[in-house]
Structure formats: structure tokens, C-alpha cells
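Engineer: Same order as they appear, the protein sequences are chains A, B and C. Each residue of the first sequence is one higher than the one before, starting from 6 at the first, in the numbering used here. Each residue of the second sequence is one higher than the one before, starting from 34 at the first, in the numbering used here. Each residue of the third sequence is one higher than the one before, starting from 338 at the first, in the numbering used here.
Don't take each hint at face value.
Said to hold, decoys possible - Calculated lysine to any residue pairs in the SDA-like style (CA-CA distance at most 20 Å, straight line): (1) 371/B x 501/B; (2) 386/B x 226/A; (3) 456/A x 497/A; (4) 480/A x 500/A; (5) 152/B x 413/C; (6) 165/B x 390/C; (7) 494/C x 500/A; (8) 646/C x 404/A; (9) 434/B x 314/B.
Worth flagging that the hints you see were computed from the coordinates, not collected in a lab. The structure presented is a predicted model; accordingly, all values stated were derived computationally and were not measured.
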Amino acid sequence: MIRGLPRRPAALAGLVFLLAEIAAAALAPVLPLSPALSGNIADARRGPSLAHWLGTDQLGRDTLSRLIWGARPTLLDTAEAVAVALVLGIAAGVAAGFAGGRTDRTLVAVSDVIMAMPGMVMLLVVLSIFATHMGYAMVALGVLLTGPFMRVIRGATVAVRRELYIDAARMAGLPERLIMARHVIPRIRGTILVQGSLLAGMALLLSTAVAYLGFGTQPPNPSWGLMIGDGAQIMGSSPALIVAAGGATGLTVITLGLLGDGLRDIDTERWGIPRRRPPKRPRRPRSRGASVTQGGPSMGVDDSSMPFDLLRIEDLSVAYGAREVVSGVSCHLRYGETLGVVGESGSGKTAIARAVLGVLNGGTVTGGQIVLDGRDITDIAGYTPDQRASLRTGYIAQEPHASLDPTWRVGSLIAESVRRHRGVSRAEARRITIGLLAQVHLRDPETVARKHPHELSGGMAQRVAIARALACQPKLLIADEPTTALDVTVQAAILDLLREIQADTGMGILLITHDWGVVADICDRAVVLRDGQIAEKGTVTELYHRARHDYTRELLAANPALLS
Amino acid sequence: MTTRRMAVLAITLLTMTACGAGGGTSGSSDKSLVIGLESPIPSLNPASSPVSTTLAYAYDPLIYWTADGSFVPDLATSWGYVGTGNTTFQLKLRSGARFADGSPLTAQAVVNSVRSFLKTPNPNLAAAGPVKSVTATGDSTVQITYSSAFPNAVQSLTQFFGAGMIVGPKGLTDPASLETSTDGVGQYTLDAADTRAGSVYTFTANKKYFNQSAIQYTSVQLRIIPSASSRVSALESGQVQDATQIPIDQVGASGTTGYQRLGGNTTWELLQFLNTSSGPLSKLAVRQALEYAVNRAAIVKDLYGGYATALDQFSPSGTTGYDSALDDAYGFDTAKAKALLKQAGYGGGFTLKLLGNTTTDPGGLLAQELKSELAAVGVTVQLQVDSGQMAAFQADLGSGKFGAALWNMSSIDLYSTATQTIVSPHSLLNPGATADAGAMTLLRTAAAADGSAAFASDLRKLNAYLTSDALGVPICARTNIDLVATGVKLPAASYVTPQANMIGPSAQYAVSG
Amino acid sequence: MRRLILRRLGIGVVLVVVASAVTFVLIALVPGNAAQTILGASATPAQVAQLARELGLDRPLWAQYASWLGHALRGDLGTSLVSPQPVTATLDADLSVTLPLTIGAVGTSLVVGATLGTLAAVRGGAVARLIDLAAMAGLALPSFWIGLVLMELVAVKLRWLPATGFVALGASPLEWLRSLILPIATLAAGGVAAVARQTRDSVDDVLRQEFVTALRADGIPARQVLLGHTLRNAAIPVIAVSGTQFVAALGGAVVIENVFALPGLGSTVVQAATDHDLPLIMGAAVYFCVLVVIASLLVDVAYSLINPKVRLT
């Protein structure tokens with residue numbers, strides 16, 4: 006994990022600073038520091054100078070020296086509190102998250118009690134008992150901080166527990182404790198580190214506050230909290246002390262935070278999807294006015310693009326940063342036609358849809374042209390909302406629930422779009438909304454309109470999404486895997502619906518899919534994508550019966566049900 | 034549109050801040066004084082409050098004690114012991130004085146008030162002495178009898194110890210009401226509307242007071258500001274005109290040089306030996322060696338910035354028992370100290386466990402300084418500085434772990450000092466409960482002394498005894514410092530007035546300006 | 338909704354009892370007692386013992402606690418041992434200081450923090466980095482440090498606002514507000530930073546959601562997307578966090594009240610702890626607990642209102 010740090014300068018700097026601080030504090034007795042406990046009153050209240058790098062306090066004592074000596078009790082107290090919180094929090098959190106049931110409920114209840122207790126009150130009471138023995142107070146602080154920390158650990162553990170490989174280990178008969186130690190804790194290491202660093206920051210701030218109030222380390226021994234108090238007294242004439250003491254505390258907390266963030270990022274990378282290296286391939290020469298298809302044997306019959314196409318994509322290239330996901334793709338969609346864009350995941354098909362919509366989050370069109378209804382919309386990503394609205398493009402996403410704002414009632418969502426595109430009154434928009442919901446064959450549209458997305462089934466939600474897409478009376482409907490997330494039985498119904506609407510309105514449909522069954526069901530023509538390039542194109546019939554390209558054949562073979 | 038909203042908001046804020054800028058709420062002809070106090074006032078009832086002088090605004094005492102040590106008539110016009118032995122004391126009351134609600138000050142009212150005081154638990158009970166009975170012997174004469182000789186009757190009835198602060202009949206019947214209203218014969222009364230317990234107490238001038246010329250302000254306001262730097266900030270921003278109890282290290286900061294400082298020593302530091310019956314400290318030579326080891330001049334200059342005076346005896350100048358012959362009884366002489374130690378058989382030094390606390394020694398600086406000075410003669414000090422938690426300090430004192438404790442005294446005479454702290458077997462600073470026979474004899478003699486001259490002479494003898502026997506090491510006498518705005522004149526301070534007299538029977542005794 | 342409230346209140350009662358018991362045990366471990374404080378340093382041990390007996394401080398622990406609990410359940414929190422005030426009177430007066438301070442701080446945190454966080458998420462670039470930096474400073478610097486510096490700059494040097502003290506609302510609304518501005522600003526500093534961060538993350542998250550893409554693709558105006566959709570969704574985790582903000586503010590108030598000499602719950606607790614004023618400390622613990630329970634309840638209700646998925650009928 007440490008190896009990942011050099012790539013993160015902020016976290017690395019943080020770690021170095023913290024280590025230097027700890028080292029200085031530990032080595033204070035042997036470092037050549039000015040005396041921390043006594044000073045020359047004649048030198049009092051000086052600013053930074055060669056003799057005193059951070060100045061002096063009201064008794065002439067060297068601030069830098071006192072900061073370093075003061076770091077000892079300050080950091081020690083913090084470490085104590087954090088240690089207690091870590092041990093208790095990890096033990097309780099993992100046990101609760103992993104075991105579930107009564108153990109979980111009990112532990113959560115205990116943490117509820119801890120979190121409801123007035124922390125500062127308790128701390129003050131403990132401190133009034135053990136006024137100069139900060140150790141006990143820091144244990145109390147650790148216990149108090151355990152509450153929220155344990156909950157986060159528990160949450161992370163629950164998430165990990167659900168993952169498949171834990172179940173596998175369980176089935177293999179490994180004892181629970183082993184599972185927890187070997188699998189769960191390493192997996193949540195990132196969370197522990199991040200929360201731990203946050204905890205350390207909090208503990209540091211709390212113990213400094215307590216020191217400022219006069220508990221804990223007693224003068225003349227220095228601690229950062231006491232030094233802030235001292236600094237406040239002479240701030241008017243000599244701000245160096247309060248700046249130095251506050252700065253030391255603040256910097257430490259910041260570096261703890263940076264370190265935690267950095268470690269969390271590294272950990273996420275380790276466990277998440279590894280970054281893919283951009284594939285190196287020779288750039289293909291782009292040809293102009295492409296009516297000639299690329300990449301594969303031509304199918305011949307009438308797939309050339311015409312001026313009266315609804316949508317014409319010519320030689321389009323899309324890249325996400327340095328990675329090119331679409332290279333020189335050309336295809337066209339005629340009015341009233343359904344074009345399927347087929348490929349496996351990663352083939353670039355979704356990128357094409359998003360390029361046409363102008364919602365490539367993070368990607369850019371690096372070459373080629375998109376023409377919609379005779380209008381060049383290659384720059385659509387920069388269009389204003391008004392310009393976009395004027396294009397009247399409808400969009401249906403794969404996950405129906407994801408594409409609808411969960412906090413809005415679905416009727417309001419549709420009405421919003423209706424008002425946007427048709428400029429009608431609220432009442433009229435409402436009427437139209439009900440009509441649209443009826444058009445997508447939703448029974449009892451008034452009731453449905455009042456529901457929130459999560460209250461609807463997948464199929465109903467997708468119908469709602471379609472209804473909203475229809476609000477703008479679209480010329481082009483882009484459907485990105487509209488049935489993938491739905492039950493098989495519902496899929497057919499949705500596709501029927503799309504076909505029906507197309508018949509009614511004459512809109513064109515650009516359908517993204519990996520499913521040949523869908524292609525067969527609804528598409529007139531299709532293009533096959535592989536690695537961002539067109540592997541094959543033609544009418545559906547042609548593709549099925551005259552599949553020449555190996556790739557297409559592979560895809561077809563992967564869908565045995567279709568060979569009928 | 035957003036910019037305009039922001040502009041409106043900004044203008045509103047500026048107007049609000051401009052409206053109240055400069056603090057202070059006085060009108061054109063009013064004269065008010067705002068004082069910043071450090072500690073809260075637990076109770077406004079003189080019978081339960083540990084700091085009775087704070088209540089002097091509303092409750093005049095029977096006898097007023099001035100900073101220079103003289104006793105001035107207040108609610109009582111004459112007084113004295115009856116007979117010999119200091120067991121019977123009598124007072125004659127002022128005529129024509131009235132309580133805040135108009136009822137007259139009578140002997141019976143005084144008797145009731147004193148009796149009520151003696152029945153209520155508070156830290157000043159001990160100072161009231163062993164009272165046997167309080168009776169009204171006439172319309173305006175009161176007699177107090179003590180069960181044993183008590184020479185401090187006069188002192189005990191002044192504004193410092195609560196017993197003499199007379200509460201009117203209305204307040205006595207309903208003590209709870211005394212937290213929100215005052216019922217005394219006083220220059221001011223509490224303005225409940227402008228008072229908030231624990232934070233702000235406002236006193237307005239009492240038109241019914243018998244001596245209107247003594248009242249200097251239309252209103253006096255006390256503000257509780259626990260943090261010293263916040264108190265100074267309040268002073269610098271004009272919110273208060275007197276910031277009390279400012280630690281030495283804040284005085285002289287350039288931001289505060291425009292302000293006066295209250296001078297005059299009011300308290301003295303003592304390194305008290307806790308157990309002189311065994312161990313190195315049981316040897317006189319050892320104790321005296323430590324006397325020689327302390328560099329009082331350096332402490333005065335470096336630690337207290339000159340706001341202190343070196344002290345070698347147990348009763349500093351300004352207190353009864355002071356003897357100028359005892360000045361420089363010891364002195365700073367490390368060679369002599371080492372020689373004495375060697376003579377006692379501790380040539381190699383020894384370890385002394387010293388207990389300090391930050392209430393009387395802010396920052397533990399004095400304790401730290403003593404540690405290094407004693408180290409120079411071979412005595413290794415193991416230092417523990419307790420925070421301001423009295424209970425912990427008291428517990429540590431009584432634990433028997435420590436050989437010496439650092440404390441400060443603020444009594445006006447050696448008798449009070451000795452009975453309440455050092456010498457008495459029951460006192461806190463004598464956890465070993467050892468009673469030094471010689472000291473106790475001298476103390477008893479002083480108790481029965483006939484007249485103040487004899488009393489003073491007896492105390493001087495006690496002082497000489499304690500000093501030569503070195504039952505502790507007096508270090509220096511110093512003052513608590515108030516920072517005051519220019520134009521405000523504070524009355525003098527002395528051992529009599531550890532908490533400064535802010536008001537008095539005539540202008541010379543009061544704060545003014 | 339009613340079930341949620343009832344359940345919460347039930348848990349609240351249990352919490353208060355448990356917390357008070359724990360506090361009681363802790364205090365009981367303290368050496369010394371209130372009798373010593375009342376009588377001062379010069380009292381004899383006999384006198385202290387006598388007073389302790391009178392105050393009932395010599396009974397066994399469980400008996401003292403049981404007696405306290407019995408009274409407390411009837412609403413009687415006793416009288417302070419050190420000053421003859423009923424505990425409830427003192428604490429109620431304290432609430433009129435601490436509540437405006439805490440609620441003001443949390444409110445400021447939410448409003449200012451959410452605004453800054455949204456700005457950072459939407460604008461990105463230099464604005465976001467600046468806000469990030471300010472948030473880091475707000476979170477990392479101790480709150481009392483910020484308070485001390487503000488006091489010096491604003492109250493002492495510029496004299497715009499009073500340095501210390503509290504003016505009751507009834508006495509002068511303007512002065513009341515002025516006396517609270519600096520303390521609220523100080524207490525809110527950390528909260529603003531935390532809320533800004535949370536909001537920024539939250540808005541970032543929401544902006545990546547599919548429904549936002551769908552709205553943008555549909556040509557819904559940017560402001561409508563932000564105000565009508567993004568913020569509503571982003572608010573959900575922020576509301577969830579505001580409960581902890583309140584608890585943190587209550588804790589921070591203790592130190593801030595000391596710096597600005599505000600007579601609130603925090604000051605009372607500090608003094609009561611010093612004096613070993615048992616009834617007052619217990620009363621304060623109860624008040625704190627109750628405040629926390631009420632705040633959590635309100636947050637839960639607000640959360641369920643704003644998040645339709647959690648809405649309970």
C-alpha cells in the first residue's frame with residue numbers, strides 16, 4: 006500500500022510531515038532545543054528571529070522548542086484515544102456487521118447510547134476526577150469516539166459480507182473468526198484507515214480544547230492547547246505564538262486528512278477495477294463523404310446513407326481522455342426506422358448514443374460528424390439547454406429507476422418535460438401527462454402519476470420513462486439497452502410498445518443492445534460494433550442469414566435460442 | 034438579483050454593527066462602571082456567599098475596614114469589648130438607616146441577621162469565631178458573647194467575612210428571594226431586569242441610602258468573564274472598565290500599557306512544610322538551609338516583574354505581627370545552605386516532594402523556579418502542580434505523600450493566618466495534624482491579649498518564633514493585578530483588602546471616575 | 338410517522354436514564370464532595386462531615402441515585418448544592434443561551450456550507466479548490482483558536498461587535514443578535530467546512546446519476562436541474578449528517594462559551610464539575626441527552642420527509 010503513495014504527492018507530503026513531527030517529538034530530549042520551561046523575560050514576546058525561529062512567549066520561552074516538547078503529550082493523548090477507539094470500534098463493528106441478528110442489534114443499541122451521551126459533559130466529569138491524569142480522560146474520549154466509528158466499520162463489513170467470495174469461504178467451512186480476520190478485515194482496511202485518520206484529527210482537536218480549558222498537562226509544561234491560550238493573551242502585540250500553536254494543530258489535522266484520503270484512494274484502486282491501459286492500435290485513415298462502409302465486407306444492398314436520413318453518423322471517433330472508444334464509425338438511420346447498434350460491453354455502442362445526445366460525461370468527439378434531421382450537431386455537447394430542447398430527441402436508459410429522479414412523483418417529472426417542450430399551462434401539462442401515461446398502456450394513469458419511481462415495478466417504471474421521452478414529441482428516440490434490466494416477460498411488452506409508438510408517430514429509434522433477440526424483434530437494420538469499430542452492418546435479415554464476419558458468427562452462436 | 038440581495042444584507046449587517054459599536058450602555062448624565070470578574074458569584078445571599086465583598090454594593094457591613102487597616106463606622110457607630118478576656122463584644126447601631134424596602138435598621142434586625150448567618154453553611158463561618166450568643170440589649174445595641182477568647186471580633190463583623198453584612202427582615206423570611214433581589218442597607222440595589230445569574234449583575238444607586246454622597250455611580254455592573262484573555266479583550270474593547278485578577282504575564286503586553294494597575298501587596302507566598310515530625314524536614318538546620326536557598330530577589334524581579342516584595346518572615350509589612358527587625362532574617366546564601374545541610378547530615382542532598390497548584394501560582398511558575406533554586410543546593414524536588422480543582426489539591430494535601438506545599442496567604446494578621454492555616458492541628462495545611470507546642474502557647478496568649486497593642490506585640494513574638502523555627506519558607510509578598518481604564522481611580526489595596534474595596538463610606542475609600 | 342416518533346422517544350427515555358446513571362457513577366468516583374466546596378478550605382473535617390450528612394452525601398451510591406431518579410422522573414431535578422437555585426431554573430436559563438448558539442451555528446453551517454459545497458461541485462476549477470482549502474482550514478483549526486482570533490480582530494481591533502457576554506433577547510433584540518454573531522460564527526466554522534464537503538461530494542454524486550443525464554439530454558434548463566432535482570437529492574445525505582452536526586455543536590459550545598463568557602449549559606457544566614455540584618451536573622447531563630434525542634428525532638423526521646424511499650405512513 007505504501008508503494009502507491011509516490012503517485013499521490015499530497016498524501017505523501019502528509020505522511021512525511023507527520024513522521025517528521027513524531028520523530029521530532031520523540032527525539033526532543035536529544036535535539037539541540039532551547040529550554041522549554043524557562044526563558045529570559047527580557048526576550049519576551051518577540052517575533053520570529055534567528056535566535057528564536059518561531060518567536061517567544063510572554064516569559065521569553067522559545068516557541069519552537071515548546072511546540073516540539075508540547076507535541077509529546079498532545080500526540081500521545083491523541084494516540085491513546087485513537088487506539089482505544091480503533092480497538093473497540095473494529096471489534097464491535099466487525100462483530101456486529103458480520104454476525105448480524107441479536108449481536109448486531111445489541112451492539113448498535115450500545116453505540117446509540119454512547120452517541121447520545123453528551124460527550125463533552127462526560128469528558129469534563131472524567132477530567133474533574135482525573136484532572137492531571139489525561140490518560141484516563143483519553144480512554145474516555147476513545148470510548149466516546151467509538152460510537153460513530155463502529156457504525157461506519159459495521160456498514161463496511163455488511164457490504165463486504167454480501168460479496169460472493171465471503172459466502173464461498175463460509176460454504177467451504179472456514180470458522181467465522183478466521184473468515185473475519187482473513188477476509189473481512191483486509192477488505193475493509195481502507196475504511197479503517199480513512200476513518201482512523203479522521204478519528205485522529207477529531208481526537209487531536211478535542212484534546213487540544215480540553216487542554217485549553219486547563220485540564221491535562223499543567224503549566225509550565227507545554228501542550229498545544231495551553232500554548233494557544235498563552236498566545237491569545239499576547240495576540241494583540243505578538244501574534245506569532247497563537248499562529249504557531251494554531252498552525253501546528255491545524256497542519257497536523259490536515260495532513261492526517263490528506264493521508265487518510267490518499268490511503269483510501271490507493272485501497273479503492275487495489276480492490277476495484279484496475280485501470281485499463283489504452284489499447285495501441287494503428288490509426289485508420291479517415292475517408293471523406295463516407296458512404297462506403299468500413300471494417301468488414303460490404304453487404305451491398307441499399308445501406309448507403311441518403312440526404313433524407315433522420316440521423317447520419319459519419320466517421321465518428323470518441324475518446325475518453327487518451328483512450329479511444331469509438332474509431333471512425335459511420336452509420337445512418339432513416340425516418341421511421343429502427344437501427345440497432347449491437348455489440349458486447351466495451352464495444353463503444355453506448356458512447357455513440359451519448360455522443361448523439363451530447364452527454365458524454367468526460368468524453369469528447371475527436372473526429373467525424375453527426376447530422377440530425379439535416380442539422381450538424383457534432384458540437385451538441387456545448388449546446389445550451391434551449392438548443393438541446395429544440396432537437397426533440399428522446400432518451401431511455403437501461404435502468405428505469407436510475408433515469409427517474411427518485412424524489413419526484415413520476416407525473417411531475419413527465420409534466421416538467423411536457424411544459425418544457427410544449428410551453429403549455431400546468432393544467433394542460435397535467436392532462437397531457439395522463440394521456441402519455443395512458444399511451445404507454447399504464448392502467449389507472451392518475452394513480453400512477455402520483456407515485457414515486459421506487460413504488461413502481463421495473464416494467465412500469467420503464468413505461469414511465471418512455472412516456473417522458475414522448476413528452477417532447479421526439480423525432481428520434483435513443484434507447485440504451487431498454488429491456489436489459491427487465492424481466493423476460495416484460496421485455497417483450499416494452500418492445501411491443503416501442504413498435505406501436507413508432508408506428509403511431511413515425512419517430513426513428515436508435516436502439517443500443519447486446520441482445521440479438523431484441524434486434525430481431527424490433528430493428529430494421531443494425532450495425533455490429535467491436536472495439537469501437539464497425540464489424541458488420543446491414544438489414545437484420547441479411548445479418549442473420551448471411552453472416553460472414555467471424556465475430557458476428559460468434560455473437561450469434563452465443564445466443565443459441567436465436568437460431569430458429 | 035443575487036447581487037442586490039447581498040448588498041441589502043451587507044448594509045443591514047453594517048448598520049447593526051455600527052449601532053452598537055463601542056460597547057457601554059450609559060446615557061448622557063448617567064455614570065456607570067462595568068467590572069469584569071473571573072469567578073462566578075454562587076450566591077447573592079451574604080450568608081451563603083464565599084466572597085462577601087462582592088455583595089458590599091448592596092449590603093453595608095456593621096464595621097467598615099479600610100485598606101490602611103483602620104475601622105470606620107458603617108452600620109455600627111461605636112463598638113468594643115466588654116470587660117477582659119475578649120469574650121464579650123458590644124455594638125451601637127446607627128440611627129436612621131433603612132433597609133431597601135424601607136424598614137428600619139434595629140438591634141433585633143441585626144441579631145436576626147447574624148443568627149441566620151451562623152446557621153447557614155458557608156466558608157466564612159470559621160472567621161466569625163466561637164459565637165455563643167447574639168442578643169439585642171437595647172433598641173440599638175447588640176451584644177455578642179463568645180465561648181472562648183476571640184480577639185478578632187471587630188474584623189469578623191466587617192465587609193470581608195459576611196457575618197456583619199446585615200440582611201433585612203424580608204430577606205431573612207424568604208432567603209430564596211435574595212438571589213434575585215437584595216435586601217440590605219446598601220449604596221446600590223440589584224436591578225433584576227438587567228441581571229442574569231452567572232453572567233451579569235447590575236446594581237443601581239439606592240435613593241434610600243443614608244449617605245448619598247458616598248455613592249459614586251448611577252449603576253455598577255459586574256460581568257463574569259472566566260477567561261483572563263477574554264477579560265482583557267473586554268477591557269480593550271471598552272466593554273468593561275476594570276478587568277480584575279489579571280495574571281502577571283499579561284500585564285505589560287503592549288496592548289494594555291494604557292491602563293492603570295492596582296498596586297499594593299495583598300497576598301504572600303509561603304512554602305509550607307507539611308510534616309515536620311519525621312524525615313529531613315524534622316531538622317531545624319535543614320529547614321533553615323532551605324530558607325537560605327531561595328533567591329527571593331530573583332523571583333521578585335523575574336517572575337513578578339517587580340510587583341512583589343521579598344519576604345523572610347511570617348507576617349509581611351502591612352499585617353499585624355510584622356516586625357521590621359525580621360526583614361532579611363535570612364537572605365540568599367547558597368554556601369550557607371549547603372553548609373547547614375551538611376551539618377544536618379544531608380550533605381548529599383535529599384528528595385522533596387512538592388505540591389503546587391495553578392490557582393495561586395498561575396502557570397506553576399513559582400513552583401518551577403523553586404525547584405531549580407533548591408536543585409542548586411542539592412535538594413531534588415519532585416514537583417506536582419495541580420490544576421485549579423480544589424478538591425484534588427485538598428486530597429493531595431491530605432494524602433501524606435508530599436513534604437511541602439506552595440500556598441499563598443492573604444490574612445491581615447498572623448493570628449488568622451496561624452489559626453486558619455499553618456499552625457492549627459485541624460487546618461488544611463497541617464494534614465499531619467502536628468501541633469507545635471511553642472507556637473500553640475504563643476497563639477493562645479495572643480488570643481487573650483488585652484488591647485490591640487498587646488495583641489500586636491504577642492503576634493510579633495509568634496512571628497519571630499515561626500520565622501526562626503522555619504516551619505515554612507516565606508518567599509515574597511505580591512499583589513493581584515487589576516487592569517483599569519484610564520480615568521477610573523481604584524482605591525488602595527492591602528492585606529486587608531485581598532478583594533479590593535470598591536465602595537466605602539466616603540469617596541476616599543471607593544472607586545471613582 | 339407516529340410510530341417512528343414514539344419509538345424514538347421511548348429510546349430517548351432509556352438513553353437519558355442510562356446516561357444519567359453513567360454520569361452518576363463517574364461523579365461518585367471523584368474525591369471530595371460538595372460539602373467541602375461549600376465550607377471552603379478552612380473548615381474542619383468534622384464540619385465537612387456534618388454538612389455532608391445533612392446533604393445526604395454519606396448514603397450509599399445506589400440510594401443517592403435512586404432518590405435522584407425518583408425525583409427526576411417527577412420533573413424535580415433538585416437544587417444546586419453550591420448556590421441555592423433549583424437546577425431546572427438554572428438550566429432553563431442556560432438553554433436560552435446555548436440553544437440560540439447551537440441552532441444558529443447548525444443553521445449557518447447548513448446554509449453556508451450547502452451553498453459553498455454546491456458552488457464547488459458545479460463550478461469546479463479554481464472556485465472549487467478555493468472552497469476546498471477554506472473547508473480544510475475550517476475543519477483543521479481548533480474552533481476556540483478561530484474564536485480567539487476573531488475576537489481579537491473583530492471585537493478588540495475593529496470594535497464592531499462585543500467581545501464577551503450575552504444580552505437577553507427580551508432586553509434588546511439587536512444587542513442579543515450582536516452578542517451571538519461571533520460565537521455562532523466560531524462554532525459554525527467547523528460545521529460549514531464539514532457540510533460543504535459533504536454537499537460537494539453529494540452533489541458530485543448526484544450529477545453523475547443517470548437521471549441527471551436524462552434531464553440534461555432533455556434540454557431542461559440548468560438552473561431547474563440544479564435547484565429542482567440535484568439539490569433535493571443531494572440534500573438527503575446532508576440532512577442525515579446534520580444530526581451529528583448538532584451534537585458536535587453542543588460539545589463545541591462548551592469551549593466557545595468559555596472563550597466568549599456566555600452563561601450557557603457549557604459554562605454551567607464546567608463550573609459544576611469543578612464544584613462537584615452533583616444535582617447540577619446530573620441535571621445538565623439530562624438536559625444534554627434530551628436535546629440530543631430531540632435533535633435526532635427532528636433529523637429523522639426531516640430525513641423521511643425529504644427521502645421518499647424512507648417515508649413512513
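Engineer: Look at each hint and say if it fits the structure.
Structural biologist: Now for the hints, and whether the structure bears them out:
1. 371/B x 501/B: Within the cut-off at roughly 18 Å; holds.
2. 386/B x 226/A: holds (18 Å)
3. 456/A x 497/A: violated (24 Å)
4. 480/A x 500/A: With Cα atoms ~18 Å apart, residue 480/A and residue 500/A stay inside 20 Å; holds.
5. 152/B x 413/C: violated (26 Å)
6. 165/B x 390/C: It is violated: about 24 Å lies between the C-alpha atoms, which goes past 20 Å.
7. 494/C x 500/A: Distance of about 74 Å is beyond 20 Å: violated.
8. 646/C x 404/A: holds (17 Å)
9. 434/B x 314/B: holds (14 Å)
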